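There are 2 protein chains.
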Amino acid sequence: MNEVTLLGILAGTLTTISFAPQAVKSWRTRRTKDVSLGMFSILCTGVALWITYGVLTRDFPLILANSVTLALAFLILAMKIRYG
Amino acid sequence: MNEVTLLGILAGTLTTISFAPQAVKSWRTRRTKDVSLGMFSILCTGVALWITYGVLTRDFPLILANSVTLALAFLILAMKIRYG
Numbered sequence: 001m002n003e004v005t006l007l008g009i010l011a012g013t014l015t016t017i018s019f020a021p022q023a024v025k026s027w028r029t030r031r032t033k034d035v036s037l038g039m040f041s042i043l044c045t046g047v048a049l050w051i052t053y054g055v056l057t058r059d060f061p062l063i064l065a066n067s068v069t070l071a072l073a074f075l076i077l078a079m080k081i082r083y084g
Numbered sequence: 001m002n003e004v005t006l007l008g009i010l011a012g013t014l015t016t017i018s019f020a021p022q023a024v025k026s027w028r029t030r031r032t033k034d035v036s037l038g039m040f041s042i043l044c045t046g047v048a049l050w051i052t053y054g055v056l057t058r059d060f061p062l063i064l065a066n067s068v069t070l071a072l073a074f075l076i077l078a079m080k081i082r083y084g
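Top line first, the protein sequences correspond to chains Y and B. First residue of the first sequence: 1, per my numbering; consecutive thereafter. First residue of the second sequence: 1, per my numbering; consecutive thereafter.
These aren't lab readings, by the way, just hints derived from the structure by calculation. Please note that the accuracy of each hint is not assured.
No more than 25 Å apart at the CA atoms, straight line, and that leaves these computed lysine-lysine pairs for PhoX-like [claimed, not checked]: (1) Y/Lys-25 to Y/Lys-80; (2) B/Lys-80 to Y/Lys-33; (3) B/Lys-80 to B/Lys-25; (4) Y/Lys-80 to B/Lys-33; (5) B/Lys-25 to Y/Lys-25; (6) Y/Lys-33 to B/Lys-33; (7) B/Lys-25 to Y/Lys-33; (8) Y/Lys-80 to B/Lys-25; (9) Y/Lys-80 to Y/Lys-33; (10) B/Lys-33 to Y/Lys-25; (11) B/Lys-33 to B/Lys-80; (12) Y/Lys-25 to B/Lys-80; (13) B/Lys-80 to Y/Lys-80.
Covered stretches of chain Y (in silico footprint by chain B; criterion: 3 or more residues with CB under 8 Å from a CB of chain B, positions within the stretch not fixed) [unchecked claim]: (14) 3-13; (15) 28-38; (16) 47-61.
Residues from chain Y shown here face chain B by an in silico Cβ test under 7 Å; the list is partial [said to hold, decoys possible]: (17) Pro-21; (18) Gln-22; (19) Ile-42; (20) Leu-43; (21) Ser-67; (22) Lys-80.
Just so you know, these numbers come straight off a predicted model, no measurement behind them. Note that CB positions come from ideal geometry on N, CA and C, so glycine has one too.
Please take these sequences and the hints and turn them into a complete structure.
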């Protein structure tokens with residue numbers, strides 16, 4: 001595996017796990033007033049389409065990364081809807 | 001252009017523009033208390049690495065989409081640092 005591939009894996013890992021701190025923060029504080037409902041609605045839709053795209057093109061890394069992102073983003077969206 | 005490519009473009013457009021509603025909301029309310037500093041710090045780092053990856057692999061759509069994402073995510077990060 002060359003350096004460029006490793007850079008791509010690192011980039012993908014960071015953008016995927018970046019949603020974890022927001023999920024943890026919202027879970028702990030039960031406050032999501034300043035979080036945008038629009039952002040997480042559009043994001044979940046887009047990420048779900050990325051998973052569909054990954055399935056159609058049989059791109060396993062794309063499916064894996066976006067599945068983790070969707071789980072985290074959907075959790076944040078659910079808390080936003082719950083806590084307002 | 002086939003349906004699968006169009007699906008990928010739609011997915012990329014949605015995940016990219018999803019950050020706009022959060023930027024607009026934070027800009028208008030000047031409140032970012034419930035927004036995670038960790039999320040936007042890690043996200044900006046990851047997206048900057050995606051742009052670097054795109055430059056190294058000469059992938060123009062990847063550079064374009066991630067540049068828009070970085071501009072929006074960095075704006076949200078700056079407001080989070082400013083407003084607390």
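Hint check:
1. Taking the CA atoms of Y/Lys-25 and Y/Lys-80, the gap is near 12 Å; set against the 25 Å cutoff, the hint holds.
2. Distance restraint check for B/Lys-80 and Y/Lys-33: the Cα-Cα separation of roughly 14 Å lies within the 25 Å cut-off, and the hinted pair is therefore satisfied.
3. A hinted pair counts as satisfied when its Cα atoms are at most 25 Å apart, and B/Lys-80 with B/Lys-25 qualifies at roughly 12 Å.
4. Distance check on the hinted pair: Y/Lys-80 and B/Lys-33 sit about 14 Å apart at the alpha-carbon level, within 25 Å; holds.
5. With a C-alpha separation of about 19 Å, the suggested pairing of B/Lys-25 with Y/Lys-25 holds against the 25 Å cut-off.
6. For the proposed pair Y/Lys-33 and B/Lys-33, the alpha carbon gap of about 9 Å is at most 25 Å, so the pair holds.
7. Among the hinted pairs, B/Lys-25 with Y/Lys-33 is consistent with the structure: their alpha-carbon atoms are about 10 Å apart, no more than 25 Å.
8. Between Y/Lys-80 and B/Lys-25, the direct Cα distance comes to roughly 14 Å. Compliance with the 25 Å bound is thereby established for this hinted pair.
9. Among the hinted pairs, Y/Lys-80 with Y/Lys-33 is consistent with the structure: their alpha-carbon atoms are about 8 Å apart, no more than 25 Å.
10. Taking the CA atoms of B/Lys-33 and Y/Lys-25, the gap is about 10 Å. The hint holds against a cut of 25 Å.
11. Distance check on the hinted pair: B/Lys-33 and B/Lys-80 sit about 8 Å apart at the alpha-carbon level, within 25 Å; holds.
12. Only pairs whose Cα atoms come within 25 Å are accepted, and Y/Lys-25 paired with B/Lys-80 is accepted, the gap being roughly 14 Å.
13. For the proposed pair B/Lys-80 and Y/Lys-80, the alpha carbon gap of about 18 Å is at most 25 Å, so the pair holds.
14. Remark: the stretch 3-13 of chain Y is confirmed as covered by chain B, as 7 of its residues place a Cβ nearer than 8 Å to a Cβ of that chain, reaching the required three.
15. Under a criterion of three residues with beta carbons nearer than 8 Å to beta carbons of chain B, the stated coverage of the stretch 28-38 of chain Y is upheld, 9 such residues being counted.
16. Counting residues of the stretch 47-61 of chain Y whose beta carbon lies closer than 8 Å to any beta carbon of chain B gives 7, which meets the minimum of three for the stated coverage.
17. Because the closest C-beta pair between Y/Pro-21 and chain B is about 3 Å apart, less than 7 Å, the hint holds.
18. Of the supplied interface hints, the one on Y/Gln-22 holds, with its beta-carbon coming within about 4 Å of a beta-carbon of chain B, less than 7 Å.
19. A hinted interface residue such as Y/Ile-42 counts as satisfied when its beta carbon comes closer than 7 Å to some beta carbon of chain B; here the least separation is about 4 Å, so the hint holds.
20. Residue-level restraint check for Y/Leu-43 holds (minimum Cβ-Cβ distance to chain B is 4 Å; threshold 7 Å).
21. Because the smallest distance between the Cβ of Y/Ser-67 and any Cβ of chain B comes to about 14 Å, over 7 Å, the interface hint for this residue is violated.
22. Taking 7 Å as the C-beta cut-off, the interface hint given for Y/Lys-80 is violated, the closest approach to chain B being about 9 Å.
Of the numbered hints listed earlier, those contradicted by the structure are 21, 22.
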